[in-house]
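Visitor: The chain contents come next:
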Amino acid sequence: DGGITQSPKYLFRKEGQNVTLSCEQNLNHDAMYWYRQDPGQGLRLIYYSQIVNDFQKGDIAEGYSVSREKKESFPLTVTSAQKNPTAFYLCASSMRTEIYYGYTFGSGTRLTVV
Amino acid sequence: AQSVTQPDIHITVSEGASLELRCNYSYGATPYLFWYVQSPGQGLQLLLKYFSGDTLVQGIKGFEAEFKRSQSSFNLRKPSVHWSDAAEYFCAAYSGAGSYQLTFGKGTKLSVIP
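In order, the protein sequence lines correspond to chains A and B. Following our numbering, the numbering of the first sequence begins with 27 at its first residue and continues without gaps. Following our numbering, the numbering of the second sequence begins with -14 at its first residue and continues without gaps.
Calculated directly from the structure, the hints in this document are not laboratory data. It is possible that some hints are incorrect.
Unchecked claim - Label-pair distances were calculated between CB atoms; the ranges are: (1) B:Gly26 x A:Lys83: 26 to 36 Å; (2) B:Gly38 x A:Pro34: 36 to 46 Å; (3) A:Pro34 x B:Lys53: 36 to 46 Å.
Claimed, not checked - In silico SDA-like cross-links for lysine to any residue, where the CA-CA straight-line distance does not exceed 25 Å: (4) A:Lys109 x A:Pro34; (5) B:Lys91 x A:Glu124; (6) B:Lys34 x A:Lys109.
Yeah, the Cβ is synthetic: ideal placement off N, Cα and C, and Gly gets one too.
Isolated chain B, as found in the complex (with noise of 0.2 Å):
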């Protein structure tokens, strides 16, 4: 079955450091792919999102998604967190094919140190 995987439940960074956040996907095709954002009690919002091109995407708030073939992976991305940063992060997939619907990971949660 077509799966997203974000190997990383929970993830804590000093704040300035830099952040990379794992995602994995096991499609065959290259699946549209998309990072959210969710601050505790809220909606989720889109960061980012590749689906062809460039295999380097940038995004809102400063992330930067890379997409990799060979890893079957899209990893997110930050150079310095910030403290605002602290959220729970998704990754999500679309395959090209069947229904028109996203496969979500479960989430990252990432916990900022100031």
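Chain A extracted, bound-state conformation (with noise of 0.2 Å):
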């Protein structure tokens, strides 16, 4: 079955560390969306990528890296220069155009600086 896979669904960094997420998806969506979620804040868009090797950011993307060299996928680095990383984090994808099908969502990564 298609779908969007987030890994690892769990993930510790120490400080001044960097990391990385993985988002892979198999719908063959053109698009493809990185969101952080904390407490009572909803959904902020950190950048999203509407075609390979391209990408734009979005609200809160100060401290975060993406790269999409493959339409399947698009990995999210935290930096060390994120001052605050705890927090939840969704991948996203959808048709570009044919938005009205709307976005599949991953599980998720909860990631948390020790």
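Hints are included, so try docking the two chains, each in its own frame, into the full complex.
Guide: Right under this line is the structure:
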């Protein structure tokens, strides 16, 4: 079955380390998105990509980086510049122009700084 | 700016009672509208969507929503809530113009009393 897979489900990071969250989809979707979720703050867009080798900053891109070398993959790196990285991270994908189908979400990665 | 508002941050209902979660949007034209549900520690799952036609749409898990253009609303309803419906619910919209992205409300957390 087609879907979107995020790994790992839980991730622990020491202060000053970079970590990379994986997001893979086999839905043949053009667009992919990364959101950060904190209690009571809803979904905040970090980065999005609507086509391979191109991506755009969202509302809270500082301290994060992404790449989109393959259509299926959109990894997110949380750098040491991100001051408060502990959060739940969600990846999503969609058809770029057929947005009436909505987004498909992964099951999330919970990142904790220790 | 285009926005989606969910006025209720937290709602508590008794099991078996009816439920209505509110969602308002601020778009000039009729947007594409979506409701998603998120169980704790999970990703978002699409409940239902509307983009044209019958203003009352049926979704999964016994949910329905009604689009009311005059009130710029897309409220989610369920006649009889089950304990398993306890989750967070997100309303989302796409304006039909500009970048192909959804705008999400901040979510309503539903608690169910046995």
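Visitor: Does each hint fit the structure? Answer for all of them.
Guide: Hint-by-hint comparison with the structure:
1. B:Gly26 x A:Lys83: 26 to 36 Å: holds, 27 Å
2. B:Gly38 x A:Pro34: 36 to 46 Å: holds, 42 Å
3. A:Pro34 x B:Lys53: 36 to 46 Å: Check passed, 43 Å falls within 36 to 46 Å.
4. A:Lys109 x A:Pro34: This hinted pair holds, its Cα atoms lying about 21 Å apart.
5. B:Lys91 x A:Glu124: Distance of about 24 Å is within 25 Å: holds.
6. B:Lys34 x A:Lys109: Cα-Cα ~37 Å, so violated.
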